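S.K.: Here the protein sequences line up with chains B and E, keeping their order. Going left to right, the first sequence walks through residues 1 to 368 as the numbering used here numbers them. Going left to right, the second sequence walks through residues 369 to 1171 as the numbering used here numbers them.
It should be emphasised that the hints constitute simulated quantities derived from the structure, not laboratory data. Bear in mind that the values here come from a model prediction, so they are computed numbers and not experimental data. Watch out, some of these pointers could steer you wrong.
No farther apart than 30 Å at their CA atoms in a straight line, the calculated lysine-lysine pairs in the DSS-like style are these [unchecked claim]:
(1) LYS754/E with LYS739/E
(2) LYS397/E with LYS511/E
(3) LYS399/E with LYS502/E
(4) LYS75/B with LYS754/E
(5) LYS777/E with LYS792/E
(6) LYS754/E with LYS792/E
(7) LYS739/E with LYS792/E
(8) LYS1038/E with LYS68/B
(9) LYS68/B with LYS399/E
(10) LYS1027/E with LYS1045/E
(11) LYS1032/E with LYS897/E
(12) LYS590/E with LYS897/E
(13) LYS962/E with LYS1027/E
(14) LYS1042/E with LYS75/B
(15) LYS1032/E with LYS75/B
(16) LYS68/B with LYS502/E
(17) LYS644/E with LYS692/E
(18) LYS1042/E with LYS68/B
(19) LYS1032/E with LYS1166/E
(20) LYS590/E with LYS505/E
(21) LYS68/B with LYS1045/E
(22) LYS1166/E with LYS75/B
(23) LYS399/E with LYS75/B
(24) LYS692/E with LYS896/E
(25) LYS1038/E with LYS75/B
(26) LYS226/B with LYS68/B
(27) LYS897/E with LYS1031/E
(28) LYS777/E with LYS739/E
(29) LYS692/E with LYS754/E
(30) LYS68/B with LYS338/B
(31) LYS1045/E with LYS1031/E
(32) LYS1031/E with LYS68/B
(33) LYS1032/E with LYS68/B
(34) LYS505/E with LYS459/E
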Amino acid sequence: MSADDHTNYGEGDARQRLLDLAEQFYEQFEDGDVPRLQVPTRTKTNIEYDEDSGVWVYGDRTSTRSAKTVSGAQKLLKAVYTIDFLAQQLGEDRSSTLRELYYLSESWDLAEAQFNSQDESNQLIEDLEIVSGVTREDFHMRPEESGATLMGPLLIREQTRRGEREIHCQEDVGEGGYQIPNNPDQIEFLENDADFVLAVETGGMRDRLVENGFDEEHNALIVHLKGQPARATRRITKRLHDELDLPVTVFTDGDPWSYRIYGSVAYGSIKSAHLSEYLATPQAQFVGVQPEDIVEYDLPTDPLSDSDINALESELEDPRFQTDYWREQIELQLDIEKKSEQQALASHGLDFVTETYLPERLEAMDVL
Amino acid sequence: MQSTLGDSGIAEELAESQRQISIAEFFEKNKHMLGFDSGARALVTAVKEGVDNSLDACEEADIFPDIYVEIEDLGDYYRLVIEDNGPGITKDQIPKVFGKLLYGSRFHKREQNRGQQGIGISAAVLYAQLTSGKPAKITSRTKGSSEAQYFELIIDTDTNEPEISVEETASWDRPHGTRIELELEANMRARQSLHEYVEQTAVVNPHARIEFAEPSLEEPLKFERADGAELPAETEEIRPHPHGVELGTLLKMLEATDSYSVSGFLQEEFTRVGQKTADSVVDRFRDRHFGREMAWRPPQVHEDADVQAAVRGAVANKGKDATKTFAEAVAGTIADRDRVAYHQLREIVDSKAETVANDFGTTFGSTVREKATEAAWTQILGGDEKESRTDAITADLYKLVDAATSTRKDDATIQGLAERLAAKFVGSEDRRHRLTRDDLTEYVDRAADATEEYDDATFGETARENVIEEVWAVMVTVPDDPPTVSAIADDRDAASELLEAMRATDIMSPPTGCLAPITEELVLSGLKKEFDADFYAAATRDAAVHGGDPFIVEAGIAYGGELEDSSSVDVMRFANRVPLVYQRGACATTDVVKEINWRNYGLDQPGGSGIPNGPAVVMIHVASTNVPFTSESKDAVANVPEIESEIELAVREAARDLKSYLKKRRSMRKRREKQDKLATILPEMAEKLASVTGREEPDIDEALARIMNNVLVERVVEDGTATISIENNSDRNADVALTEILGAEPQNANGANVVEMDGEYYLKWSPTVSSGETARLEYSIDDDADSEIAVEGIDDEKLTIQQ
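Let the sequences and hints guide you as you build the complete structure.
M.R.: Shown next, in the form of C-alpha cells:
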C-alpha cells in the first residue's frame, strides 16, 4: 500500500475498505497465520522525495504490527474495535473527533481494547488511513482543534449542515477572518482578487497584519497557521495554490520549530507523509524570520537552548531540509546561537513589518 | 608405625604440660576451648560429640547409622541420651573410648574424619560428672551377643582413668549399638543451635537416620535416610605429607620410627617421598646442617700458582714417574674444572691416586693424599702468602659480586665488597671454607656494612641478597653422611633443619584417596530430604591441596518452594561432614559467599555484596585430612587462600545452575503471562472480527500456537486415514514422546509402535522435530474411533494439542 492512490473516495468505498481490512485479519486467522498489519515506518529516516509530485513520501521500510507480541496483539485488537466503530459511524452517516474516539474507547467492554492515550488512537487512525487508502476525513474523523482562519479578497461557497453559504473572506467576515472548515474539500472557490497567500504562524502577527491592512493593500490572502498547521489548513493552502495559481509564502518565527512548520506546509509532515501529495505545497516559499534577517535587521534575540540546537542539528539531517538555502540558514543560526520571534520586528516600530520587512522580503522573492 | 599428631595436638600438648595439676582443674581452665564454657553451649557440644562418635562408629563398621538423641529436663539437671546402632563396645574398650580425656583413636590419624573436629566424648562425660556428680551410664551390645552390657562409669580425676562402678548385663531391644546417658548441668538457651546442628547433620549425612527429642518438642523430630543414599566411601589413611607437618610432630615421628637413616625415614614415614625426593631433601638438610663448601676457580694460566709443582713437591718417595704422572693428572683435572671445592679436590686426588697406584704399582696412602690435597688447595686459594691469597680470592669473588649487582654499582664498591668478603674467607679457621647459608649471610652483611661505612657506598638488602644467592649457587653441597635419625631426634636444631629442608623441596601433592566427599548426588538428596524447595544444585570440586593436606570443597543450593523468602539466604557450613554452628561471621565460607556478586546469579543482594536475600539455602562442605580452623574450638574455617578459592569455585558452579534455572523460570513465567494475555486478546479479536465481517468466529488455535513458538500437535481423521502432525514453532529441536490411546486398532502405523492392552491400542511415536519443521504420522483407522493424545518431552506451556 502506498500513498499514491489517495483521492477522494465515496463513503461507501471507505466503509468497504475498512471491512476488507477486517476480512484480511479474519483470513489470516483462518489460515493459521499470525494476524498482522504492515505499515510504512513513520520516521524521518524513512521519508523520501517523490520526483513526480515534488513532495516527501514514505520510503520502502515498513513496520509490522503483529499479534505475535502482546503489544502487537493489543494494537490489532484496538484496530478491529476501531474498524467496527468507524464502519458503524459511516453506516449512520455521522462523524466524530479524534478525541471523541479516544474517550469512546473507554466504553468498550474489554479493557485491552481501550486506548491508553490520544496519541495511540491518533496513530491508529493514521495506520488505518495508510493501509486502507482512505483519508480520515472520509472516515468522518475530525480533529478537535478548530480549523485556522483565512482573510483576504476571496469569495467562496461552503457546504454546511445548514445548506450552502457564499462568503467573501474579507467583506463578509469580522476581524477574526473566515474559519476554515475541517473538510476544506467542501469549499468551492468562486471569485478571487488575491495575488498571493501569506501563511502566518502566530496569532499576534496575523492580527498585526490585518490591523495594518496588509491584506487589502497587497491583495494578500492571510492564512493563520496557529502553530503546527492542521490538515485542513494545509489542504486549503494547497488548493489555493493549485486551483487559483497563487504563490504561497510562509511567515514564521525564526527558530527550528518554526522551520518545521514551514516544512510541513511545503513538504509534508513525517507523521502524515502518506498524505503529502494531498496536503503539501512544495512551491511554498519561506519568508522568514530567517537567521539572516536576525543579523540584517538587528532583531532582539533569545539564546538558543540545548533543545533548539538539537532540533537544528536534527534538521540538518532531515531529508526535507537538504537544500543549499536551508543548510546555509541553519548553519548560520547555529553559528550566531540566537533566535527571534516574528514580533521581534516590532522593535523597529509597529508598522515596520508591513511597511518595510514584508515588502522587502516579498519583493526579493519575486512575489510582489 | 604411624604416630603423628593432628592439629588437635595443641590441646594434647596443653594437657600434657599440665599433668601436674588435676585433670578436673585442667578441664575447668580450658573448658572454653573445649566447648563447655556455658550450660547452653555444653549441651550442644555434648550432643555434637556423641552424634559424631556414633556416626563414625557406624560408618567404620559399615552400618547405616540410626541415631537417637534425647534431651530431658530433670529439673536440676538435663539428661542427655545418645543411642546408635553401631558395632557396640566391649568392656575392654571402655577405658579407651570413655577414658582419658583427649584420648581417641582418631587424634592420631591423617584421614578425613569427624573426630578431627572435637575433643571427644570423654570431655562430655567429665563435664557431666563434674557438674552433676552422676556417672555416665553406658549400655552396649555387640553384634551377635545375646545380651547387652550395662556400665556406670566415672573418670578418676587424679589418674585420668575411667573407673567402672557398676557392671551388669541388661536387655536392650537394639541388636547392636551403644547408648550413653549423661546427666549434666545445662540449659536449652541454645535450642536453635541444637536444631540447626541436628538438621544440618541430617543434610550432610543423607545415609543416616536421626531422631531427636527435646523438651519443647511434642514429638521427636525424625530425619529419615535418603533413598539410595550410600555409606560414605571408606577413606584410606595416608602418611603425612612433608609440607604438612610441624616440628613437634616431626620430633615425635623421629622418635617413633624404626628407620635408621634420614633418607629411609623420609621414604618410610611420608607420602609422596621416594628415593629421589629423599635425596633432594637430604641434600638440602646437609646444606643446613653442615653448610656448603666454597668452590674456587682453579688458578689461571697468568697466575703464579702452580698446582702441579706443589703436588709434586708434596709427594715423596713414590718414584719420579709416578709422582710426575700423579701431579699432572691432578693438576690437569683441576684445570679442566670450572670451580673446585675442598671435598671435590680430595675426590680428585683420591681417584688419581688410585689410577696412578694401579699403573705404577706404588701405593699412595692417605698421608700422601692428604699432603697432596693440602698442597693443591693452597695453590687454588692463591698460595701461602696471605696477600696473594687475598688477591686470588678477591679476583674470584669480584666476578661473582659483579654478576650479582646492578650495573649502576661502581667498580670501587664491587672491588671493596669483594676484598672484604675475601678477607672473611682468608681469615676463616675452616680451611675447607665450609659455610651455612647463615654464615655466608653474615659474611656478606659484614662486608657490605664495612663497604658502606668506609667506601661511602650503598649496598642495600636486595644487592646483598643477590650476592648471597650468587655465591651460594657456586658453593657445593658436601657429601658428609647426615646424622642418624636417632641423633636428629635428640637434636632439636637438627630436626628443625630437617623440617626446613622438607619444606624447601618441591614435592608432589598428597594423594586424595583419603578424602570422602559427600558427592554431588548425595548433597542433592540431602538437601531434597530436608528442604522442600523448587530447585536444587550441587557441585563437588576436584581435590586440591593446601600445605600438606588435600581437601575437597562441595557446595549445594536449594531454592524456592517452602524456603523462607523474607530474609537473607541461609548459609550452612560443614567441615568433614560436621555442621559448624558457631562463629558464622569468622568463617572463610561466609566470607566467600559475601564476596560473590549474587545479582549475577539472579538473587537479590542489596548493595552488591554480603549475604544475598531470597528463598534459598547455600551449603558448603570442606573435607580435608586437616581442616584449618580459626581457633581450637573449631567453629570457623580459616581464611586459607587455596581453600577460599575452591569454595568460591564450588559455590559459583552450583550458582550457575541456579542462574539458568531462575532464568528459565522467568522466561517461562513471561511466556505464561504472554500466553494468558494473548489468550484473552485474540479470542476477543476473533469475536469482534466475526461481528464486523458477519461471519462465524475464526479458528485461532493454530495462530496462537505459532505465536507462542509452540509445538502444535494436530490430529485429523479423514476417510479412514488419521494424520498426526507435530509442528515445531520453537527455535530448538523438540524431542516428542507421543502416546495415543485408540479405541480401535490402527493399521499401517509405520514409524510408530502399537501395543494392545485391554481392548485399547497404545500408539507410541517419538520423533525428533527440528525447529520450524513438521513431522507427520499417518495410519488407517475408523473415522469414529476414540482417540486420546498425550505428549511428553515438551513443557505444557509450549504445547498445544488439537484433536
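S.K.: Hint by hint, say whether it matches the structure.
M.R.: Against the structure, the hints come out as follows:
no., hint, in the structure
1, LYS754/E with LYS739/E, "20 Å, holds"
2, LYS397/E with LYS511/E, "40 Å, violated"
3, LYS399/E with LYS502/E, "19 Å, holds"
4, LYS75/B with LYS754/E, "107 Å, violated"
5, LYS777/E with LYS792/E, "22 Å, holds"
6, LYS754/E with LYS792/E, "12 Å, holds"
7, LYS739/E with LYS792/E, "25 Å, holds"
8, LYS1038/E with LYS68/B, "14 Å, holds"
9, LYS68/B with LYS399/E, "71 Å, violated"
10, LYS1027/E with LYS1045/E, "27 Å, holds"
11, LYS1032/E with LYS897/E, "24 Å, holds"
12, LYS590/E with LYS897/E, "11 Å, holds"
13, LYS962/E with LYS1027/E, "17 Å, holds"
14, LYS1042/E with LYS75/B, "15 Å, holds"
15, LYS1032/E with LYS75/B, "28 Å, holds"
16, LYS68/B with LYS502/E, "79 Å, violated"
17, LYS644/E with LYS692/E, "41 Å, violated"
18, LYS1042/E with LYS68/B, "10 Å, holds"
19, LYS1032/E with LYS1166/E, "13 Å, holds"
20, LYS590/E with LYS505/E, "24 Å, holds"
21, LYS68/B with LYS1045/E, "11 Å, holds"
22, LYS1166/E with LYS75/B, "24 Å, holds"
23, LYS399/E with LYS75/B, "76 Å, violated"
24, LYS692/E with LYS896/E, "90 Å, violated"
25, LYS1038/E with LYS75/B, "19 Å, holds"
26, LYS226/B with LYS68/B, "41 Å, violated"
27, LYS897/E with LYS1031/E, "25 Å, holds"
28, LYS777/E with LYS739/E, "42 Å, violated"
29, LYS692/E with LYS754/E, "28 Å, holds"
30, LYS68/B with LYS338/B, "49 Å, violated"
31, LYS1045/E with LYS1031/E, "21 Å, holds"
32, LYS1031/E with LYS68/B, "22 Å, holds"
33, LYS1032/E with LYS68/B, "20 Å, holds"
34, LYS505/E with LYS459/E, "13 Å, holds"
Of the hints listed earlier, those the structure fails to meet are numbers 2, 4, 9, 16, 17, 23, 24, 26, 28 and 30, in rising order.
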